[in-house]
Every structure is written in C-alpha cells, then in structure tokens.
Amino acid sequence: MMNRLRSRRSFLHDLALGVAIAPWVTSGVRAVSPNGKLRHATFGTSGMAGSDIESLSSHKSIEIVAGCDVDERSSAGFRKKFPNAKVYADFRELLEKETDLDSVNVSTPDHMHAPIGLMALKRNLHVYGQKPLAHDLGEVRAMTLLAAEKKRVTQMGIQIHSSKEYRTAVKLIQGGVIGKVKEVHTWSSKKWGDNGEMPKGGDPIPAGFQWDLWLGVCADRPFIGKEWYHPGNWRKRLDFGTGTFGDMGCHIYDPVFAALALTAPLSVRSEGPAPNTHSWATDAVIHYVFPGTAFTEDKTVKVVWYDGDQRPPPEVQAMARKADAQAGDKADAMPGQGSIFLGTDGVMVLPHIAMPRLYGAAAGRPVEAVAGDNHYHQFVQTILGERENTDASFAYSGPLTEAVLLGGVATRFPKTVLEWDAAKLAFTNTPEANAFVRRDYRAGY
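First residue of the sequence shown: 831, per the numbering used here; consecutive thereafter.
Just so you know, the hints here were simulated from the structure itself, not pulled from any lab data.
Built from N, CA and C at the ideal position, the CB exists for glycine as well.
Hints may be right or wrong, so weigh each one.
[To be verified] Derived DEER-like restraints, expressed as beta-carbon distance ranges: (1) 1124 - 878: 20 to 26 Å; (2) 1026 - 906: 30 to 36 Å; (3) 927 - 1035: 21 to 27 Å.
Given the sequences, and given the hints that come with them, work out the whole structure.
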C-alpha cells in the first residue's frame, strides 16, 4: 500500500510539482484479451455507477469482469446482470488480484474518486472517472499529472459535454454569434447542503454494508442512517461530497469553460453562506475572475455561480425570460439550471439540458445543431485506437474540476477575494485557505 512507501501528502505534493514517481509506476501496456474485449472493472455497482456500467457495457468491445461495492444490497442487481464478474468490497483487493484488467470506471462517492483513480492509473489502467474528478484540489492535480505521465486514456463523466446541446452552444459562442462575451451567469436549483444539527450518536450498521470501507480515506466515525450518509446524502457532507457546485458545477460550468477556452481563474469570492462544521451550505453566490481569451471582450471575464434559491440579478433573469418567450415558451419561464452568456452583440441562454436560445441582436439567427456523440463509447474507441482522444480527458476535465472546487473553498471564507496561483496550487493572499487544497488520508490509504 502507498502508506508503506511515503505519506499521501508527500505523494500528492510530488505529483503536483511534476516530480518523477518511477518507484511506484509499472510499465508496459497490456494487450487486449484474445476475444478482442477490453477487460473492465467498475467501482460502484448501482446508482450513477449502474448508469455508467449500462452505458459502457453497451459497447460490444467491453467485457465487465469485476465490480466493487461496499454494500451487498447495492450490488445485487450487478451480480444478477453480470454473473461471471467477480465482486469485491475493497477496491485495493480488486486492483491487486485482477491482474489482467484494461480499464475501470470510478463511480463512487466523491471522497474515493482519487484514491481509487490514482491506484488504477498506477496500474496502467485506462480510467473513466465520475465528476467531480476528485474531492480536493490537490487530488485533482495529482490525477491529471499521473494520467499524462502514464499516457492513459481518460474521460470524466460529464456526458452532456458530448451532447448536441452543449456542442452547439460552444460552436455558437466561438463562432461569434453574440460577439465577444462580457460575462456569464450560471446556476442550479439543487440544494446539496444542510444547515441543520448533526444527529447525535449512531445507528446500527445494516447487514451487508461495510461502513469502514465506505469511509475509506476519511476519519472513523459512527454510522448515521440513510438520511445522513449512505446511500445519497453524503453529497451534503464536507468530508464526502462537494456540495451543489461540485456535483452540478462540473456539468453546468463545462460549456462555459469550453466555449470561452478558459484557463485557471485569477480569483474567486463567495457572497453566500459558509458551511458549518459538517455540511456544505446552499444558496451560494460565487464570483470568479478568469483571464480573458479570444472569445471575451476584455482582458478578464467574470463568471458567477448561483445555487439553491439564488439566481442571477433581475435584469439578467429578464433576458432569459425574454429569450424563452422568443423560443415559444412561457414569458415567465426561467430554466431551473443553466447559463446566460452576455455578449457585445446579443445574449445566449443555455438551459441544462436543452438547445441554446439567442436574444437581442442575435435573435432570429439560425441555430444549426452540432451532432452529438456517445461520451462513453468515446472512451472505449480511444483505448482501441479508433479515435485520437476523448472529449473530456483529464487534461481538460482536470483544470475544469479545479476551477469548480475553488468555489467550494471560497464558501469557507465569505466575502473574501481569494487570489489563486494555479502553477503553485496555492492561494497567495489568504494562506489559511491553503489548508483546504489537500488533506491527509487515514492510515491504510
């Protein structure tokens, strides 16, 4: 295990700085199995993992040979559908014993994305990783660098990135249909947060559920029933999830990031509430300042995120309502999730998930849809050498995820501009914020 060799903090630090990691890297690329199938394992077997497995296994060249789940109840459907697949509870055991794998998908709660993904990459495996790429900024950087070092095929689970809706939006912005972009407002109505009291004590651990393995890299604590942690509300908790922004930000920020060809932000500021000791807050308002690009009006561009009950200012919402009305919808309709691009020559509204709509000087211009693609099959096709790369490899989705996770750190320091140095992976004006760039793992991981 990694902890026998060096501390996790040291490992991630070295990766972030591009230090050679030869003693922990195996070499050589395995050949595809004799039957022409990619031997694939899944981490997670139900929920989002079940959806990922369904989509990946729909490709004729994928063979599901193993799965990992800490809850026997969750894996019952997987066992029935893939009776020949070996099922494990401990991801480390799967990766140690399944020596002929080609690829994996990591579709677990956020806090285990990096521990599993890094170990799989060290094994020279191709990795399909769910969003967000990892729980912490340092983990994201480590995964991005290791994937590049190992030259593995990767894809993050932002499947709408490959859809006609998002592809069309990117083409419209880069084609100048609304001119140069002045600012962007993005939002989600989801509420992955909790300002209530944490229940005291603990509950009995359900039969067949391995709580210690579910905790993984996080500190030991009593199990609290499904309304608090497993199977779904972990997204609200600081140690395990990344709140609304970490969940939906990777989707909704994606077309903004792609269309404007954004790089790392210069600063981030939260105007919303701070998390408490155990859970993320809702109703976030997070202001980003990015370096300008060929597609923006100025040398910097502002992108603002809102979630829960928060929305863009009334004058910006009015533009969205008018755009919806022109599209034939109700005049007071406001997408529950989406983005508004304000340009020098018009406005584009991009609901999540629907075709973009044009308003202002751009209204009435034809919107020719760009064909969508199968995000999951891209992963398989790239491994097989049938295409050059995936659309959301870690080289793209790593920087995207870093930008998103900066918003989570900013909520811990309300009404404070946090200046960010991406090269150093550090905040330059608020050193106390650097405590949230990476965290230590508990013994055994």
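Results of checking the hints against the structure:
no.	hint	verdict
1	1124 - 878: 20 to 26 Å	violated (35 Å)
2	1026 - 906: 30 to 36 Å	holds (32 Å)
3	927 - 1035: 21 to 27 Å	holds (25 Å)
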